[in-house]
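S.K.: In case you want the letters, here they are:
There are 2 protein chains.
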Amino acid sequence: MSDSSDTVTAALCIIGNEILSGRVQDANLAFLGQGLNEVGVQLREVRVVPDIEDEIVAAVNALRARYTYVFTTGGIGPTHDDITPESVAKAFGRRAVHHPVAYARLEEWYRNNDREFTEARKRMTLMPEGAELVDNAVSIAPGFRVENVFVMAGVPQIMRAMFEAAKPLLRGGKTVRSRTIGTRVVEGVLAGPLGEIQKRFPHSDIGSYPYYGAPGGNGVNLVVRSTDPADLDAAGDAIVAMIRDLGGDVLDDVRG
Amino acid sequence: MSDSSDTVTAALCIIGNEILSGRVQDANLAFLGQGLNEVGVQLREVRVVPDIEDEIVAAVNALRARYTYVFTTGGIGPTHDDITPESVAKAFGRRAVHHPVAYARLEEWYRNNDREFTEARKRMTLMPEGAELVDNAVSIAPGFRVENVFVMAGVPQIMRAMFEAAKPLLRGGKTVRSRTIGTRVVEGVLAGPLGEIQKRFPHSDIGSYPYYGAPGGNGVNLVVRSTDPADLDAAGDAIVAMIRDLGGDVLDDVRG
Numbered sequence: 001m002s003d004s005s006d007t008v009t010a011a012l013c014i015i016g017n018e019i020l021s022g023r024v025q026d027a028n029l030a031f032l033g034q035g036l037n038e039v040g041v042q043l044r045e046v047r048v049v050p051d052i053e054d055e056i057v058a059a060v061n062a063l064r065a066r067y068t069y070v071f072t073t074g075g076i077g078p079t080h081d082d083i084t085p086e087s088v089a090k091a092f093g094r095r096a097v098h099h100p101v102a103y104a105r106l107e108e109w110y111r112n113n114d115r116e117f118t119e120a121r122k123r124m125t126l127m128p129e130g131a132e133l134v135d136n137a138v139s140i141a142p143g144f145r146v147e148n149v150f151v152m153a154g155v156p157q158i159m160r161a162m163f164e165a166a167k168p169l170l171r172g173g174k175t176v177r178s179r180t181i182g183t184r185v186v187e188g189v190l191a192g193p194l195g196e197i198q199k200r201f202p203h204s205d206i207g208s209y210p211y212y213g214a215p216g217g218n219g220v221n222l223v224v225r226s227t228d229p230a231d232l233d234a235a236g237d238a239i240v241a242m243i244r245d246l247g248g249d250v251l252d253d254v255r256g
Numbered sequence: 001m002s003d004s005s006d007t008v009t010a011a012l013c014i015i016g017n018e019i020l021s022g023r024v025q026d027a028n029l030a031f032l033g034q035g036l037n038e039v040g041v042q043l044r045e046v047r048v049v050p051d052i053e054d055e056i057v058a059a060v061n062a063l064r065a066r067y068t069y070v071f072t073t074g075g076i077g078p079t080h081d082d083i084t085p086e087s088v089a090k091a092f093g094r095r096a097v098h099h100p101v102a103y104a105r106l107e108e109w110y111r112n113n114d115r116e117f118t119e120a121r122k123r124m125t126l127m128p129e130g131a132e133l134v135d136n137a138v139s140i141a142p143g144f145r146v147e148n149v150f151v152m153a154g155v156p157q158i159m160r161a162m163f164e165a166a167k168p169l170l171r172g173g174k175t176v177r178s179r180t181i182g183t184r185v186v187e188g189v190l191a192g193p194l195g196e197i198q199k200r201f202p203h204s205d206i207g208s209y210p211y212y213g214a215p216g217g218n219g220v221n222l223v224v225r226s227t228d229p230a231d232l233d234a235a236g237d238a239i240v241a242m243i244r245d246l247g248g249d250v251l252d253d254v255r256g
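So the sequences go chain by chain: A and B.
The first sequence finishes on residue 256 if you use the numbering used here, and the numbering steps up by one all the way, no holes.
The second sequence finishes on residue 256 if you use the numbering used here, and the numbering steps up by one all the way, no holes.
Rather than coming from a laboratory, the hints here were simulated on the basis of the structure.
Incorrect hints may have been included.
Because identical chains share one entry, a pair is satisfied inside a single copy or across any pair of copies.
Stated by the list, open to error - DSBU-like cross-link-like pairs, simulated, lysine-lysine; straight-line CA separation at most 35 Å: (1) Lys122 - Lys174; (2) Lys174 - Lys199; (3) Lys122 - Lys199; (4) Lys174 - Lys90; (5) Lys90 - Lys199.
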């Protein structure tokens, strides 16, 4: 699938020791990949880095230079291990300051709820100077945007609410559509003709994903993805014809 | 947690458009993070890259220069989108050749099973020249190792079997132990004293992970991780004392 001026790309930087240690299974990558595609943005790279300032700075700077948008998840909050805002500020060469609107909002909220606006809670309003708030319907503490970098929470419920708020700020390109065709013809048999179909349809990406141990037996999902609906249709039809030529059945044919 | 000569590190490079599109949820990262730690290797970085040769080459070369070990998942198989072996060969400046042992084994297996040893199936024996096989109990097609890079399947059942075969080849350092202490004291209240405890125990990493919407209500897991058992114990005890000082209850205290 070749890039064009309509191609809008993104990267995700997942920040957190708990993901690397395997204690927590990331739940944001797949959500973001799908959600971005719905607005015409293609997720092209993901990095998972530990809670170490230099690592976060290096990853954010590498990714923001290369992709239209960068999203970070994790490391915003009141505790000592929440160092994402200061790290992103450093990546941009900006000071980390208390965002005046966020500060006033949290100050009022804690006062109204009879809780102390502790130094730790004030930390949740620290952002790179000039950052724009990314509000959300779930948490009083906002995410933020600096240039093409969106900083979001790691907790999935909050991350999803922040992404909803970020969506209207994104300039989308063409949406990638998909067609998923299932069969029991094995990869070793279909690989040759499938490769020929890929060559005939360079504007579509064709992926082959075998699965094992399913209740109905083993099988393969052949997934065509393209921003060009006509190319997608034609490539999918060629795959259906290929499966029948090989004496197989088409188990599913699902467009997404 | 400071590094020492006993610190053995690893990175994971997940190769696959289906992970970036969100069609498939990765199931290998958390497994590998935990599995590596059991043999004294710390997973420090993960990158997810698309099925594009230049991207794979760049990621593998960046990671293998920096970490003791690199593991890749995905992109080994018979279809046109399985380009990991050739890409890893290119990263090492080696030719991709049919591994003679793997070739002979697959040739025999397909003959014994009355199936054709197709060109596509022969592709599964393509590896960088000089690669060492990483066998597995699940699939006839092996993974392989080149220097400090282990190339594994993306299908979780096969990846896990290959990792079991790779384990004896790893030189482990100190194992990171953990202690997870649960409480309902909120982060905004505990963050100050918790930060002080982190300063007192620089040989332990303390993470704070809030959760929301659980049946029993919201809460926070405080996770201490260290290669030093005495430091881990003392830091954990300090956290338990802190929770009680703040008038809270310790919900869990689990060592791992």
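S.K.: A separate judgement is required for each hint: does it hold in the structure or not?
M.R.: Hints, verified against the model:
1. Taking the shortest alpha-carbon separations for lysine 122 and lysine 174, neither the intra-copy value of 41 Å nor the inter-copy value of 38 Å comes in at or below 35 Å.
2. Taking CA atoms no more than 35 Å apart as the test, lysine 174 paired with lysine 199 passes inside one copy only; the shortest distance there is 22 Å, against 49 Å between copies.
3. Proximity of lysine 122 to lysine 199 under the C-alpha cut-off of 35 Å is restricted to the inter-copy arrangement: shortest distance 20 Å between copies versus 56 Å within a copy.
4. Taking CA atoms no more than 35 Å apart as the test, lysine 174 paired with lysine 90 passes in both settings, with 33 Å inside one copy and 32 Å between copies.
5. Only between protomers do lysine 90 and lysine 199 lie at most 35 Å apart by alpha-carbon distance; the minimum there is 22 Å, versus 45 Å within a single protomer.
The structure fails to meet hint 1 from the earlier list, while all remaining hints are met.
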